[in-house]
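Number of protein chains: 2
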Amino acid sequence: MESERETLQVWKERVEQELDRVVAFWVEHSHDQEHGGFFTCLGHDGKVFDDLKYVWLQARQVWMYCRLYRHFQRFHQSQLLDSAKAGGEFLLRCARVAPPGKKCAFVLTRDGRPGKVQRTIFSECFYTMAMNELWRVTGEVRYQNEAVGMMDEIVHWVREDPSGLGQPQLSGAPAAEPMAVPMMLLHLVQQLSEDNAELAGKYAELEDWCAHRILQHVQRDGQVVLENVSVDGKELPGCLGRHQNPGHALEAGWFLLRYASRKEDPKLRAHIIDKFLLLPFHSGWDEEYGGLFYFKDADGLCPTQFRDSERGEWFGYLNREGKVALTIKGGPFKGCFHVPRCLAMCEKMLGSLLSRVA
Amino acid sequence: MESERETLQVWKERVEQELDRVVAFWVEHSHDQEHGGFFTCLGHDGKVFDDLKYVWLQARQVWMYCRLYRHFQRFHQSQLLDSAKAGGEFLLRCARVAPPGKKCAFVLTRDGRPGKVQRTIFSECFYTMAMNELWRVTGEVRYQNEAVGMMDEIVHWVREDPSGLGQPQLSGAPAAEPMAVPMMLLHLVQQLSEDNAELAGKYAELEDWCAHRILQHVQRDGQVVLENVSVDGKELPGCLGRHQNPGHALEAGWFLLRYASRKEDPKLRAHIIDKFLLLPFHSGWDEEYGGLFYFKDADGLCPTQFRDSERGEWFGYLNREGKVALTIKGGPFKGCFHVPRCLAMCEKMLGSLLSRVA
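Top line first, the protein sequences correspond to chains W and L. The first sequence begins at 0 in numbering that gives the first Met the number 0 and counts up by one. The second sequence begins at 0 in numbering that gives the first Met the number 0 and counts up by one.
Certain hints may be false.
The list cannot tell twin chains apart, which means a pair is met if one copy fits it or any two copies do.
As the list claims (entries may be wrong) - Below, a list of computed lysine to aspartate or glutamate pairs in the DMTMM-like style, where the Cα atoms sit at most 25 Å apart:
no., residue 1, residue 2
1, Lys115, Asp160
2, Lys233, Asp110
3, Lys266, Glu193
4, Lys84, Glu5
5, Lys46, Asp81
6, Lys101, Glu88
7, Lys101, Glu204
8, Lys262, Glu204
9, Lys46, Glu234
10, Lys233, Asp50
11, Lys101, Glu250
12, Lys295, Asp50
FYI, nobody ran anything at the bench for these hints, they're computed from the structure.
Produce the complete structure using the sequences and hints provided.
See below:
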């Protein structure tokens, strides 16, 4: 028992230090003091290589800072809170392309003018996460109104009428469901329902629907998790149907596991561990060079995320041999989110395990 | 002189054989006998890995077959002509999303239903190339009417009103001109004007405009060719502005050189050789591993196109070390076009040089 405790203690300290280094990197290099919000296109040394503001990453950084502020004593700093609020105000002011319409831009100029709009729900989903967290740390109800109003619109787009997203309806477009959609919605339900019985009740049916839709992505007699299936849970033809994303499956497993725990359903829990955690971890692992494949179908694959021991934060893009392919620390799809989010969770879990073996 | 002749002769034979092998690959594996058109998502052994039909590649293959049929005695075969016509009829039947509107799909299902529409001009440009060539080989005026009608619409979108493309006008969208646009239009003018004084006259002013706009992409005192500049020829901020594509610059140089030769302008010709051929060739070359970089700005670059000595055709995607990254021979962006087009031109040029030194 003592040795188990020591192992956990050693790991907890390592994770703590790593989280400190990662957060320090973003605090030092990413804050836009002039316009609010964050620079997220950063080189390995933190140098800004583009000042565009991708809405996914703006909102995720707001969310991350608020979570750190709420959950970690050492991050309960006014600097983090002020930066999160400045990011939130930037989003409130600029993210929506044509208010009172809810559609958000995908990317903004540094001063907040829209540069591109995606015809998907994801900018809006991350916006909702940010606003809900800002309400939790500040108590200001305008943030929560923004979060719930946006959530209503997202659910309308997904389950009732997608025409507001602006995608043309084409006869040859595959009736595919990307796993990202129910997975994202499940995460939002869990975000909004935390310690909130009223919203937990409002979204209970939606939560079951999300879990059901995600579970449909387990295909071929339970041998694979496919990223895209038909809405009635059948494998699709072509590359689209064969596409696997092991990291995504693992992330979906995390949200599902939370769902199964809340439902107190041990059979479902075992199924999720088997299909969404063990299966993608083993089948997605590169036996030759190590690491998880980013995508899996045929070839040209690359593992993702590696630590930079010199300057903090992690590289996001390696080639298959594990060499750094892109030295950037942030870019259009990587910001202050995945690495610190993971480290923060690990630290919490290790702390919790330690308290049990104490 | 004899030795120069021998060298040319050896190379001409090598290129001839290579072109034969490449064309044989596409004839053997890509024809869809049931619906017309071509499978272009092919593995290294020619196996179809997806049956989606990308309009760019459908049209380019029609164009390629017609050119081979017109210009090479050994390809003057009814099989090539019939396949080109079947591809052309497939495009006439299915490419336009909402006739009489001109907008074409980006990708179609195997039986021709639209799956995705890009908000750019390129599907329509390749459609125009295909129809013009079909008219040249068959003499059927309905093909030429289709080509010229589409060309009028493309010019309208580029120079008068882009709203028909469906792109939202956003205040933060960069007023950038991708070099691809004037380059593509210059190529279309040259395609339509070949041996056609009437159209050459109609498009003379457009041709000058295209050349002028392409030349504006030479920036920083003639030290770089940038893929995106402002419409008035200034460098743009951010990644977008710094983006270089050496292969694209070389291709633009080819079209411009044809323009300068027709204009009989030796000074312009020297400028083009210097800035669009020598400069991107030297600055785009990877000194460490050899090969041209696909893109150039910072990192994560890969050279493109390599020969498969076993099964014909070339691999399209290598990693920086020159290893094959994707074993596919065709996919959404590579089909029966770049490799045979290049080989066909080389063979012709070598033949022409040989005839001069004979």
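Against the structure, the hints:
no.: 1; hint: Lys115 x Asp160; in the structure: both (22 Å within a copy, 19 Å between copies)
no.: 2; hint: Lys233 x Asp110; in the structure: between (45 Å within a copy, 21 Å between copies)
no.: 3; hint: Lys266 x Glu193; in the structure: within (24 Å within a copy, 71 Å between copies)
no.: 4; hint: Lys84 x Glu5; in the structure: neither (39 Å within a copy, 74 Å between copies)
no.: 5; hint: Lys46 x Asp81; in the structure: within (22 Å within a copy, 57 Å between copies)
no.: 6; hint: Lys101 x Glu88; in the structure: within (16 Å within a copy, 43 Å between copies)
no.: 7; hint: Lys101 x Glu204; in the structure: within (23 Å within a copy, 45 Å between copies)
no.: 8; hint: Lys262 x Glu204; in the structure: within (13 Å within a copy, 71 Å between copies)
no.: 9; hint: Lys46 x Glu234; in the structure: between (44 Å within a copy, 21 Å between copies)
no.: 10; hint: Lys233 x Asp50; in the structure: between (42 Å within a copy, 19 Å between copies)
no.: 11; hint: Lys101 x Glu250; in the structure: neither (27 Å within a copy, 43 Å between copies)
no.: 12; hint: Lys295 x Asp50; in the structure: between (32 Å within a copy, 19 Å between copies)
In summary, the numbered hints that this structure violates are 4, 11.
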